[in-house]
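What the sequence shown shows, in full-length UniProt numbering, is residues 1 to 377, in sequence order.
If you are wondering where the hints come from, they were derived from the structure by calculation, not from laboratory data.
Take these hints with a grain of salt, some might be off.
Stated by the list, open to error - With a straight-line cut-off of 20 Å between C-alpha atoms, the simulated DMTMM-like cross-links for lysine to aspartate or glutamate are:
| hint | residue 1 | residue 2 |
| --- | --- | --- |
| 1 | K66 | D89 |
| 2 | K258 | E303 |
| 3 | K268 | D252 |
| 4 | K248 | D202 |
| 5 | K66 | D47 |
| 6 | K259 | D202 |
| 7 | K18 | D98 |
| 8 | K259 | E211 |
| 9 | K258 | D316 |
| 10 | K259 | D191 |
| 11 | K66 | E211 |
| 12 | K101 | D28 |
| 13 | K18 | D47 |
| 14 | K363 | E102 |
| 15 | K248 | D191 |
| 16 | K187 | E211 |
| 17 | K101 | D89 |
| 18 | K268 | D28 |
| 19 | K216 | D205 |
| 20 | K187 | E165 |
| 21 | K248 | D205 |
| 22 | K85 | E102 |
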Amino acid sequence: MKKDSLQQDVKICIMIDKDMQEMNAVRDVFPNAVILLCWFHVLQSIDSWSGRMEGMRNEVVRSMIKLKQCTTQGEFSTEAENVLKHLCDVTRDTHVSDYLKENWLPIANMWSQFGRQMYHGNSETNNLSESLKYQFMGANANRRLGQLLLLLSNKVVDFYRYIDELHKVGRIQAGTNPAAVSDSSAKKMIDKGLSPFCNVKDNGDCSVPSEHTEGKFYSVSLTFLTCPFALLGNVCKYIEFAKSVGAKLGVDVLAIRKKQSQLIVENKSYTEERDYLVVHCDDCQLSIVCNGQCSCRANRFGETCVCLLVQQFLHDTQSKKLETPIMEAQSSDPVPETTTSNQLSTSQMIVDLNAWSNSPNFKDTMELHCAVKKKHT
Numbered sequence: 001m002k003k004d005s006l007q008q009d010v011k012i013c014i015m016i017d018k019d020m021q022e023m024n025a026v027r028d029v030f031p032n033a034v035i036l037l038c039w040f041h042v043l044q045s046i047d048s049w050s051g052r053m054e055g056m057r058n059e060v061v062r063s064m065i066k067l068k069q070c071t072t073q074g075e076f077s078t079e080a081e082n083v084l085k086h087l088c089d090v091t092r093d094t095h096v097s098d099y100l101k102e103n104w105l106p107i108a109n110m111w112s113q114f115g116r117q118m119y120h121g122n123s124e125t126n127n128l129s130e131s132l133k134y135q136f137m138g139a140n141a142n143r144r145l146g147q148l149l150l151l152l153s154n155k156v157v158d159f160y161r162y163i164d165e166l167h168k169v170g171r172i173q174a175g176t177n178p179a180a181v182s183d184s185s186a187k188k189m190i191d192k193g194l195s196p197f198c199n200v201k202d203n204g205d206c207s208v209p210s211e212h213t214e215g216k217f218y219s220v221s222l223t224f225l226t227c228p229f230a231l232l233g234n235v236c237k238y239i240e241f242a243k244s245v246g247a248k249l250g251v252d253v254l255a256i257r258k259k260q261s262q263l264i265v266e267n268k269s270y271t272e273e274r275d276y277l278v279v280h281c282d283d284c285q286l287s288i289v290c291n292g293q294c295s296c297r298a299n300r301f302g303e304t305c306v307c308l309l310v311q312q313f314l315h316d317t318q319s320k321k322l323e324t325p326i327m328e329a330q331s332s333d334p335v336p337e338t339t340t341s342n343q344l345s346t347s348q349m350i351v352d353l354n355a356w357s358n359s360p361n362f363k364d365t366m367e368l369h370c371a372v373k374k375k376h377t
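Please model the complete structure; the sequences and the hints are all you need to start from.
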């Protein structure tokens, strides 16, 4: 394919975080590329900023998700006016609206749906590629483009091929499990006699004593696996210690998480967006659920998290609604399909639905997806 033809027919999409230096560098090297912002990092940034404002976190996140779903520039402009007015009315101040107008609305085409009306692999986040920075580059920021291309084309593939072969012949064993290290550290805390000083509440919140500083305690949540000590993404020893103490006390963490998931649904502290579910309750960090995976800490450590339980709860609720019999009785004789002024035929409704699904007004939702999927299967 000729270079000129490629530039005319294919749009290059590059997804980044909101880093102005990185953005300017991309524009210098790829002036015709479409730059998109990682939606997860957009929400994470807004969630962190709005968390300082008591009672406004969910309101701001919901407003941004409304703006994200706009499929045209005109729809976005109208919705933005409504959102800004609503936030001013709720807060009785312009602080939040000024923040959005200054930081996010001018670059809406990089994160809202109207700026993604081209093939971009249906990707909303760069988290997966970002993990290469920590796994293969030692978190170093200063790397030349040639080094990065070499890393992706050679080293990553070679690394996993060598590892697989060494595993097959028994030359190496599996690496040290981070959870095992934390289990060992938690056991040391138990051996030191710190268990009686750990207070575990019925809702999964714990007050855990510091291993080294007398009189210091950490607030640990067994529900969301959060702890102020766990700042580097590792499995925290205080979380493992609290889990051990909680287990001995008979605390059912899964039951607590199920109860929490129901509260999130009742309080509507979630938003469904196409194939994604965004959970943004006041008690946890903002999380995004997609394809049975979640961005929260509990899910990353292989546990059934509150966010996935929210998704399951919503799915079960929707399924129960769909299980209502359509007809209470069926005749052995076929019923002729009729069309009246008040009732459309089945075939006509299917034609109408197909036309709607291909129109600009079509918006996919989790409920619609579940309903169609159930009937399709």
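Hints, verified against the model:
1. Only pairs whose Cα atoms come within 20 Å are accepted, and K66 paired with D89 is accepted, the gap being roughly 17 Å.
2. At most 20 Å may separate the alpha-carbon atoms for a hinted pair to count; K258 and E303 meet this at roughly 13 Å.
3. Between K268 and D252, the direct Cα distance comes to roughly 25 Å. Violation of the 20 Å bound is thereby established for this hinted pair.
4. Proximity of K248 to D202 is assessed by CA-CA distance (about 14 Å); at most 20 Å being required, the pair is judged to hold.
5. Distance check on the hinted pair: K66 and D47 sit about 15 Å apart at the alpha-carbon level, within 20 Å; holds.
6. Between the alpha carbons of K259 and D202 the distance comes to roughly 11 Å, so the proposed pair stays at or under 20 Å and holds.
7. With a C-alpha separation of about 18 Å, the suggested pair K18 and D98 falls inside the 20 Å cut-off, and the hint holds.
8. Restraint check for K259 and E211: the C-alpha separation of about 31 Å exceeds 20 Å, so the hint is violated.
9. Simply put, K258 and D316 have alpha-carbon atoms about 13 Å apart, close enough for the 20 Å limit, and the pair holds.
10. In summary, the hint linking K259 to D191 is not supported, as the alpha carbons are separated by about 33 Å, beyond the 20 Å threshold.
11. Taking the CA atoms of K66 and E211, the gap is near 45 Å; set against the 20 Å cutoff, the hint is violated.
12. Simply put, K101 and D28 have alpha-carbon atoms about 26 Å apart, too far for the 20 Å limit, and the pair is violated.
13. A C-alpha spacing of about 15 Å is found between K18 and D47, which places the hinted pair at or below 20 Å, so the restraint holds.
14. Simply put, K363 and E102 have alpha-carbon atoms about 28 Å apart, too far for the 20 Å limit, and the pair is violated.
15. Among the hinted pairs, K248 with D191 is consistent with the structure: their alpha-carbon atoms are about 15 Å apart, no more than 20 Å.
16. Distance hint between K187 and E211 is fulfilled; the C-alpha atoms sit about 11 Å from each other, no more than 20 Å.
17. With a C-alpha separation of about 16 Å, the suggested pairing of K101 with D89 holds against the 20 Å cut-off.
18. Taking the CA atoms of K268 and D28, the gap is near 43 Å; set against the 20 Å cutoff, the hint is violated.
19. Taking the CA atoms of K216 and D205, the gap is near 16 Å; set against the 20 Å cutoff, the hint holds.
20. A threshold of 20 Å between alpha carbons decides the hint, and for K187 with E165 the separation of about 35 Å lies outside it, so the pair is violated.
21. Distance check on the hinted pair: K248 and D205 sit about 15 Å apart at the alpha-carbon level, within 20 Å; holds.
22. At most 20 Å may separate the alpha-carbon atoms for a hinted pair to count; K85 and E102 meet this at roughly 15 Å.
Violated hints, in rising order: 3, 8, 10, 11, 12, 14, 18 and 20; the structure is consistent with all others.
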